[in-house]
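J.: As a plain string of letters, each chain reads:
There are 2 protein chains.
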Amino acid sequence: MEITIEKRIGIPSLLTKVKTAEEAAALIHDGDIVGMSGFTRAGDAKVVPLALAERAKNENIKIDVYTGASLGPEVDQRLAEVGAIRKRVPYQGDPVIRNLINKGEILYVDAHLSHNAELVRQGIIGPIDFAIIEATAITEDGLIIPTTSVGNSPIYAKYAKNIIVELNVAHSDTLVGVHDIFIPEEQGDRQPIQLLKAKDRIGEIGIRVEPEKIQAIVVSDQTDAPSLIVAPDDETQTMANHLLDFLRGEIKAGRLTNKLAPIQSGVGSVANAVLEGFKESEFEDLEVFSEVLQDAVFNLIDAGKVSFASCTSITISEELQKKVYGNIEKYADKIVLRPQEISNHPEVIRRLGLIAINAALEVDIYGNVNSTHVSGTRMMNGIGGSGDFTRNSRISIFVTKSYAKGGTISSIVPMVPHHDHTEHDVHVIVTEQGVADLRGLAPKERVPLIIENCVHPDYKQQLWDYYNEAVELTGGHHTPHNLEKALSWHVNLAKNGTMKAE
Amino acid sequence: MEITIEKRIGIPSLLTKVKTAEEAAALIHDGDIVGMSGFTRAGDAKVVPLALAERAKNENIKIDVYTGASLGPEVDQRLAEVGAIRKRVPYQGDPVIRNLINKGEILYVDAHLSHNAELVRQGIIGPIDFAIIEATAITEDGLIIPTTSVGNSPIYAKYAKNIIVELNVAHSDTLVGVHDIFIPEEQGDRQPIQLLKAKDRIGEIGIRVEPEKIQAIVVSDQTDAPSLIVAPDDETQTMANHLLDFLRGEIKAGRLTNKLAPIQSGVGSVANAVLEGFKESEFEDLEVFSEVLQDAVFNLIDAGKVSFASCTSITISEELQKKVYGNIEKYADKIVLRPQEISNHPEVIRRLGLIAINAALEVDIYGNVNSTHVSGTRMMNGIGGSGDFTRNSRISIFVTKSYAKGGTISSIVPMVPHHDHTEHDVHVIVTEQGVADLRGLAPKERVPLIIENCVHPDYKQQLWDYYNEAVELTGGHHTPHNLEKALSWHVNLAKNGTMKAE
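Note that the protein sequences, when read in sequence, are chains A and B.
Quick note on numbering: the UniProt record's numbering labels position 113 of the first sequence as 113, and the sequence is numbered without any gaps.
Quick note on numbering: the UniProt record's numbering labels position 194 of the second sequence as 194, and the sequence is numbered without any gaps.
Okay, chain A solo, but in the shape it has when bound (with noise of 0.2 Å):
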């Protein structure tokens, strides 16, 4: 269905304001702070930040990008390589701006996702020159509708001196209806966020805006760049195996029914994978309460398992989005999206007490995880909204695979160079050899159920060897730890290529 531009902008005057990319990038100045839509690669802005990108070749302008999380694979690459970003805010996942991150190019904050509208409210970061938002209309009363992600697009553009709105007209006008957009009160102010159940509405369809703050309106009709979701393999087809096992012990143990907890599931082929893994169990009538919607949990609505999702970013194979875009009314009643603070907001999760599902980077051998640093040092992505839906989730489970590159990693070590979770977080970790349940347990009771159902075999032995060492050392402290070598095994693979002892 083609809609005609005047169709897709409710307000009349605004038609003035219709620009090209080049000249709504031209308002933007040296300095300045943007905010843009954008949740992993879902609902970015696309052409504005390109054109500017164009623009700082041979200009000098440098500008802080603060969006929901990681955008397409083409805006940070392009305005990281022409050196026109001072600090990215909170979130990113693209080889080259993560390149200058780690060479100290880029100043990089890696935030909590839920906590960073808290932020801008505050006045901590920002002021917002620019809000840059994608959207599939403007409505007649104000709202400007989102596309495929909300993230921090609200909170943006409500704080932001000045608006460009990307409309994209590749979305039909079906896409209106199933955001559901609420700001929460100032703090100091606020009332309880009335949202009880995963499919709760308690907001409004669009991002209610002062009109007169939209300076450029930029047609665009590109669409969201697939996500790179690596198919299910036999091991990640184990870990939701294991996965699915124990949740069948929660249901035995009298602490779920059939029909589970709403489900969070990070992003990533593995997270995605273990999700797929549900296709085929017997827990039915499924609620998703997430940040990102990966391909697995359309999957599962076809399936009949999953009755209904909600997220604040849908992020799918290009096969996917042919699927769900060309027959989204086929889904608009069974998924609503909402701004990130909503989607990852602690009180809520704690609320509906969620089981939380995501993957880590590394874990030690008392349950710290890091999902960030390589080596603690060498940033991958972000945190994301992983720690909001730990810490209060009902179940907090990480998966990883028990090894990397090779075998020569471990993913089981004797402490994480870097803390993204804390052992006061962490409840269960899943592997390709099995699970271990950490919930209510001390640090020494954790160490043989991580190794001995979390261990890939050939790290095994070497982790007991530096346990056993380290509660000789201490005479048996609460947490024993050898602190000449409790980060060896990361400089043995800086010098040696491998974490193997010799």
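Don't read these hints as lab results, they were simulated from the structure.
No false leads were mixed into what you were given.
Okay, derived cross-link-like pairs now, DSSO-like style, lysine-lysine, Cα gap no bigger than 27 Å in a straight line:
no., chain 1, residue 1, chain 2, residue 2
1, A, K252, A, K197
2, A, K485, B, K485
3, A, K158, B, K197
4, A, K495, B, K485
5, B, K495, A, K444
6, B, K252, A, K161
7, A, K197, B, K158
8, A, K444, B, K87
9, B, K495, A, K495
10, A, K103, B, K444
Nothing here was measured: the structure is a model prediction, and the numbers come from that model.
Since the structure of chain A is already known, use the hints to place chain B on it.
T.: Frame of chain A, contents of chain B only:
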């Protein structure tokens, strides 16, 4: 005012349950799980656990002890000494039990204090055989009125198979009405917690129990062990001044008013001394929404600075005990005691937008905080509620003197050897040297603020040397570290008695 036992036990049939401490202790079996009242010395079960410890001298009896937080100086000590504790949950602060935890003889689960109730509710910890609750009365409609703390008593009483009440007659009946007992529904059916202001009351004045679960009522008249607060000194006064100046800056920036925001202040002498500093400040009509009310809060109420204080426990010095409990009617409408699930609830903390002030054991150059483990291995007390407050507060502030043990220890180190609060959660660090405001900053932006503003002069250059070498080694990675030296300060301390480089 003396009140007869009959007046304190509103249900006549329960008078037959009045027993001696020894008789009550005899009800408990080897292997039982016992949930006790008590939170930082306040309102703890006193006589029955001691009778149990006596019994355990001649009998093989080992129980799991769950509490609100730490108990008075005797109970943990005596039970631990006779080997009667298998597992201790979720906080302790006694030297004797601490030693046995660090010898591997007692298992200890160090948990976020707001998480405890969920673990009981789910049956992850438990089932609870006995709840032993100190009370000032049992009302005719079956409410147990707690004394000077609420802690986890409501959830333990609800889920315990049996209840023993320690009826403490040392308190007058004017404690009736200062508690507000609310237990959230099960996750999945849970409603919003309707607590919108620090002073809101949302529950009942006591713990509603089935009277038939009460197996014994033991009369006692022991008051709480007074707190051991150390008086403010020049350095804590300087820290208080730094903190007040920081808050003045927040007002100037338009982020706070003269009334600030509800204040949470951690347990211990440093946090208390810093809070005392508000007495001479220009701030007024302050609210406290905290875990424990220490001396400073009552002094601030007397000084007309604090208008209302919410807590789960009142832990005060002997002098203050006389003043407060001798004139409880003076304070009764200015305080409320809640279950720790509510005083520490992320939903409420995030909604109210607290200013959280907690003490750190040590901090690293990126803002990670160790609150619990001396040199990364030896448990001190526990994380307590610091994580509940820190993660969800408007401003999370950590206070610590910049050095310890006569300067042989720097409280700011290259990398903390145990992580309780990560870089994602720590906003502001205050030492006697100054303030580092880390909000919205990248790791490399935090380093100079922490080193220049907070570190003792003796260690500044040594930290710069570490950092500069790490930057060079990694080529400027996001979080530069030299993993071979990251924990070397603690290794040096263990070997040479000092963190100072030669």
